[in-house]
Amino acid sequence: MTRRPAKTRLLAAASLSALALAPAAHAADKTLTISVYSFAQDEFKEIVYDPFEEICDCDIVVETGNSVERLAKIEANKDDPVIDMAVLSTHDAMGAARKDLLQPVDVSKLSNYDKLYDIAKDPLGDHLGIGYTFYATSIVYRSDKVTVESWADLMSPELAGNVAFPDVTTNQGPPALYMLGQAMGSEGYDLSPAIEEVAAHADDIVTYYVRSSQLAQLMQQEEIWAAPVGRFAWGRFKDNGLPMEWARPKEGQTGGMNVMVMTANNGNEDLALQFMDFWLSTDIQTALAEALVDSPANAEVEVSDEVAENLTYGAETVASLKLLPPDVILDSRESWLEEWNAKVLK
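Under mature numbering (1 follows the signal peptide of the UniProt record, and there is no 0), read the sequence shown as residues -27 to -1, 1 to 319, first letter to last.
Possibly wrong hints are sitting among the right ones.
With a cut-off of at most 25 Å between alpha-carbon atoms, the simulated SDA-like pairs for lysine to any residue come out as follows [said to hold, decoys possible]:
#: 1; residue 1: Lys316; residue 2: Ser123
#: 2; residue 1: Lys94; residue 2: Lys319
#: 3; residue 1: Lys118; residue 2: Trp219
#: 4; residue 1: Lys46; residue 2: Tyr10
#: 5; residue 1: Lys223; residue 2: Asn144
#: 6; residue 1: Lys18; residue 2: Ser277
#: 7; residue 1: Lys3; residue 2: Ile28
#: 8; residue 1: Lys88; residue 2: Val276
#: 9; residue 1: Lys94; residue 2: Val276
#: 10; residue 1: Lys295; residue 2: Ala49
#: 11; residue 1: Lys211; residue 2: Ala281
#: 12; residue 1: Lys94; residue 2: Pro77
#: 13; residue 1: Lys223; residue 2: His174
#: 14; residue 1: Lys295; residue 2: Gly158
#: 15; residue 1: Lys88; residue 2: Pro298
#: 16; residue 1: Lys72; residue 2: Ala49
#: 17; residue 1: Lys316; residue 2: Pro130
#: 18; residue 1: Lys82; residue 2: Asp243
#: 19; residue 1: Lys72; residue 2: Glu42
#: 20; residue 1: Lys94; residue 2: Ala281
#: 21; residue 1: Lys18; residue 2: Leu265
#: 22; residue 1: Lys295; residue 2: Ile92
#: 23; residue 1: Lys88; residue 2: Lys211
#: 24; residue 1: Lys295; residue 2: Ser159
#: 25; residue 1: Lys319; residue 2: Glu169
#: 26; residue 1: Lys51; residue 2: Asn241
#: 27; residue 1: Lys94; residue 2: Val291
#: 28; residue 1: Lys118; residue 2: Ala175
#: 29; residue 1: Lys46; residue 2: Glu307
#: 30; residue 1: Lys316; residue 2: Ser305
#: 31; residue 1: Lys295; residue 2: Tyr90
#: 32; residue 1: Lys295; residue 2: Glu307
Hint data in this document are derived by calculation from the structure and do not stem from the laboratory.
Since the model is a prediction, treat every value here as computed from it, not as a measurement.
Construct the complete structure from the given sequences, taking the supplied hints into account.
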């Protein structure tokens, strides 16, 4: 466990008076322990953690790691929680909720709750998670080689031998299969037709990638011309010196969402709620967006066109996202993997 300095006295350029955090003044000598992704921790420290410590007169202990490790720690300490608040994908959060590791978030104490896009307000049900960021998934492609107007174009003759597809075990895999199925006319969340379509074109697919960095390298080496990818990785492609485009398929875009959750019976609920509210504020969400750290779930955030180009941003884009429900992912991922292994990797 990494303990950070108690008082860094570094304030972000946020309008702190608007954050309704007066109760935090009574939090002297208190510690809030949070479990987060390792991504962009220097930026989070400057924009979120340090300014909140300054306001609340408290310590924030930040624990990082992959989702499996962090969930295991929360579960191992279920009876005596050592984590107060965590951020997780929607399906990982749903899994934790099913193990009674979480408690509902009292949204009446979040002054910024009503500013959120509707899809972020209660993505798990019963207010067990609050969306703080999301991302679109679409297709990046070489605009000098092909035109991509549909998810079905991934399996077109024009891309045969020059396309990559995310492995079903990745966060991008099931959503990409879902949208491929939509293009084929599938209804509901049955991924079997899409898996069969990928299997039928197995000889045309260069690789089933597991990391966006791997994909960026293949694109740079001109071994592939197109692939589904999350918007958070778009910067790796748009600046690679090749003619790249982000597709807006006629079926729409898919993606994913991360949520804030409160661990059950942690005894530090008030401070955790104050921290969540701070993170969801317009000023902080704007600063994170401008630093290209997170796409904002707060609908009041306004950024330049240049910044927006790198994010999943704006009411129209958010409304167009077709997200797989977290319970569907949780209940189906084992059967999806079994079918993928049997038909695609045979």
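Consistency of the hints with the structure:
no.: 1; hint: Lys316 with Ser123; verdict: holds (24 Å)
no.: 2; hint: Lys94 with Lys319; verdict: violated (42 Å)
no.: 3; hint: Lys118 with Trp219; verdict: holds (14 Å)
no.: 4; hint: Lys46 with Tyr10; verdict: holds (14 Å)
no.: 5; hint: Lys223 with Asn144; verdict: holds (22 Å)
no.: 6; hint: Lys18 with Ser277; verdict: holds (23 Å)
no.: 7; hint: Lys3 with Ile28; verdict: holds (12 Å)
no.: 8; hint: Lys88 with Val276; verdict: holds (16 Å)
no.: 9; hint: Lys94 with Val276; verdict: holds (22 Å)
no.: 10; hint: Lys295 with Ala49; verdict: violated (34 Å)
no.: 11; hint: Lys211 with Ala281; verdict: holds (14 Å)
no.: 12; hint: Lys94 with Pro77; verdict: holds (12 Å)
no.: 13; hint: Lys223 with His174; verdict: holds (22 Å)
no.: 14; hint: Lys295 with Gly158; verdict: holds (15 Å)
no.: 15; hint: Lys88 with Pro298; verdict: holds (22 Å)
no.: 16; hint: Lys72 with Ala49; verdict: holds (11 Å)
no.: 17; hint: Lys316 with Pro130; verdict: holds (21 Å)
no.: 18; hint: Lys82 with Asp243; verdict: holds (9 Å)
no.: 19; hint: Lys72 with Glu42; verdict: holds (16 Å)
no.: 20; hint: Lys94 with Ala281; verdict: holds (22 Å)
no.: 21; hint: Lys18 with Leu265; verdict: holds (14 Å)
no.: 22; hint: Lys295 with Ile92; verdict: holds (11 Å)
no.: 23; hint: Lys88 with Lys211; verdict: violated (31 Å)
no.: 24; hint: Lys295 with Ser159; verdict: holds (14 Å)
no.: 25; hint: Lys319 with Glu169; verdict: holds (12 Å)
no.: 26; hint: Lys51 with Asn241; verdict: holds (14 Å)
no.: 27; hint: Lys94 with Val291; verdict: holds (13 Å)
no.: 28; hint: Lys118 with Ala175; verdict: holds (21 Å)
no.: 29; hint: Lys46 with Glu307; verdict: holds (23 Å)
no.: 30; hint: Lys316 with Ser305; verdict: holds (16 Å)
no.: 31; hint: Lys295 with Tyr90; verdict: holds (14 Å)
no.: 32; hint: Lys295 with Glu307; verdict: holds (22 Å)
Hints 2, 10 and 23, counting from the list given before, are not met by this structure.
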